[in-house]
Amino acid sequence: MRPDWISKYINRLQMADLPKAPFLLGAAFAVLILIALVSIALLERTQGDRDRLLATVETEAQLDQLLADMRRLESGQRGYILTGDAEFLTPYRETLPRVDEKLTNIEAAIGGIPAQVERLGKLKPLIQAKRNELAESIRLFDAGKPAEAIGLVRGGLGLRIMDNIRDAVYAIKRANADSRAEQYAQSRSQEQWLLGTNIAAVGLIVLLGGVSLMMIHRANLAMRKAQNVLRNANSELEAAVAARTAELTAANEEIQKFAYIVSHDLRSPLVNIMGFTSELETLKGAIFHAGNGAGPNGANGALAHPGGPGAQPTKAALEEDFTEAIGFIKASITKMDRLINAVLTISREGNRSLKPERVDMNDLFQTIRSAIAHQAQEAEADIALEPLPSIVSDRLALEQIFSNLVDNALKYLRDDEKGRIRVTSAAHGGKVTFEVKDNGRGIAPRDQGRIFELFRRAGTQDKPGEGMGLAHVRALVRRLGGSISVHSTPGEGSVFSVTLPRTLPNQSKRIGA
Amino acid sequence: MNNAVTIVMIEDDEGHARLIEKNIIRAGVTNPIVHFETGNAAWDYLDKSGKAGALLILLDLNLPDTTGIDILQRLKDHDTLKRTPVIVLTTTDDKREIERCYELGCSVYITKPVEYDHFANAIRQLGLFFQVIQVPETS
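Chains as they are written, first to last, in our numbering: chain A, 1 to 513; chain B, 1 to 139.
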């Protein structure tokens, strides 16, 4: 019964928390990896946004420089044409090659945005036109036609181209600024996503970790509890095993004793049967030769008669011997049959399945008392019953046990005193002890163990009996999970104490019953 | 063995007692044989027949009312009966029983054979043995 609920408990433990904790930890790790991947992706995207943002800054700077370069070209050309001082051409010459470089930079910085590329496409011819106009005026001046050169400036073509260039640059810059604001907004939102994701991830991990920790903690507690339960169960098991071993040893000794008694008691009549059969064989010769008076007188043939060896037995003596031998053979066979039946009865009793039920012991003893009322009256004995409890046990076995004990009490009373038989009970823990007390002849201390053995009796053999009753009673008490003992003073009376469990456990067959 | 010696046979089985008696007589033993079926009856006789002269006791171990061992012990504790030879004649061949009987002071321990030829032979040899042994007076 015990190992059963322990294994159930352990099963429940295994089914419950233990496998969930690693699963949850795994889930937490999965979430962590997912978050890391999302973060990396978001970071990558932020990186791209930042690059694009930087590109817009670069575009703006390059555009500003381009515009400044164009102005520097223009102011160099104008200074030269007005003053004729070649000094003014130095910045012009220095700046001129940088313009293409700037255009290339700008093209790279705007990174293939179609609208911007288109705008740049419009700017490029304007730049070229401005450069042509500047170069033309300087060529005219150098060719000794300063008036024409100044006229070209006055014509306002350069101014208009410059205005167009500025407008085109501004257009690109505006678009660039718009794009930058957009990038910035996007980048902001992505950062917020990243932050949100990370916060959520941290929260989730903390949650899962917490739950996992809690589960592990709970599993640990449960495991410790199970270990304690197991340890207790183990120690209890050891005690149970020790008790059971003692029980089995006792049962084994009893079986050996039983086997010994049975073999001995069966052998006894067998010796008689064989002995008297041989005697009959011997008699045969004497009987058949009795007529001619020449009876054999061999080693085995001599019959014991006061007449002495060699004397011829009379017919009457032969008949007497014959009848005696047959009588002993018959008696021995009957005895063997009786013994075998007794052994069978006890063996059958051990195999009968017990049916535990609530038994009112008062009723049970009342029934026993009324069944032997006649004998009790004849023996002038008084049977007193004290109030007795109810127990859950096998009714038939209880009836057999106590009617045997009451029968014995009644059977072995003393002639010189009125019989008084008293039945009492005492409860202690889960057990009840019933006592059947008499004031009969009692049992000598040396016989008190022997009376429970099969075919053994004690005291004066003046009452009929087989020596089975108490052996049977002890076997039954054992089967009911109890014990029986006797306290007796010869000449004063005996007390048979039967201790039984208050509730007979539902048992399978017991060994040694 | 002197004819004044009385053989006291304590044997619960009447058949055994009869077979033992027959075979002892066949061996030529003519001493009186007194038979008791219970230990207590035998004890009553022995305890009170202190002056009856020499005794030899044939004792069975399995008695209905008490054990042969117990009778043996009582005999060996008795003031005068302790000198009386006790021959344990029983069906038991249990080693511990044999040891116990010799410890208590039995003179001879004989197991009754189941086979009658052996049984008769054993008892007759016992009878021959009776013819040669000396038995002390009880008193």
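Just so you know, not all the hints are guaranteed correct.
Below, computed lysine to any residue pairings styled on SDA-like, alpha-carbon distance capped at 25 Å [stated by the list, open to error]:
no., chain 1, residue 1, chain 2, residue 2
1, A, 431, A, 369
2, A, 284, B, 41
3, A, 463, B, 117
4, A, 330, B, 62
5, A, 124, A, 46
6, A, 173, A, 74
7, A, 284, B, 4
8, B, 22, A, 46
9, A, 330, B, 82
10, B, 95, A, 431
11, A, 315, B, 17
12, B, 82, A, 263
13, B, 95, A, 448
14, A, 330, B, 38
15, B, 22, A, 331
16, A, 411, B, 117
17, A, 284, B, 43
18, A, 335, B, 38
19, B, 22, A, 334
20, B, 22, B, 4
21, A, 284, B, 38
22, A, 173, A, 369
23, B, 22, A, 266
24, B, 22, A, 448
25, A, 463, B, 43
26, A, 335, B, 119
27, A, 463, B, 69
28, A, 335, B, 62
Just so you know, these hints were derived from the structure itself, not from any lab. Note that the structure is a prediction, hence the values are computed from the model and not measured.
Hint check results:
no. : hint            : in the structure
1   : 431(A) - 369(A) : holds, 24 Å
2   : 284(A) - 41(B)  : violated, 37 Å
3   : 463(A) - 117(B) : violated, 36 Å
4   : 330(A) - 62(B)  : holds, 22 Å
5   : 124(A) - 46(A)  : violated, 33 Å
6   : 173(A) - 74(A)  : holds, 21 Å
7   : 284(A) - 4(B)   : violated, 35 Å
8   : 22(B) - 46(A)   : violated, 128 Å
9   : 330(A) - 82(B)  : violated, 39 Å
10  : 95(B) - 431(A)  : violated, 40 Å
11  : 315(A) - 17(B)  : holds, 24 Å
12  : 82(B) - 263(A)  : violated, 32 Å
13  : 95(B) - 448(A)  : holds, 24 Å
14  : 330(A) - 38(B)  : holds, 22 Å
15  : 22(B) - 331(A)  : holds, 19 Å
16  : 411(A) - 117(B) : violated, 42 Å
17  : 284(A) - 43(B)  : violated, 39 Å
18  : 335(A) - 38(B)  : holds, 18 Å
19  : 22(B) - 334(A)  : holds, 23 Å
20  : 22(B) - 4(B)    : holds, 19 Å
21  : 284(A) - 38(B)  : violated, 33 Å
22  : 173(A) - 369(A) : violated, 126 Å
23  : 22(B) - 266(A)  : holds, 23 Å
24  : 22(B) - 448(A)  : violated, 36 Å
25  : 463(A) - 43(B)  : holds, 19 Å
26  : 335(A) - 119(B) : holds, 20 Å
27  : 463(A) - 69(B)  : holds, 23 Å
28  : 335(A) - 62(B)  : holds, 16 Å
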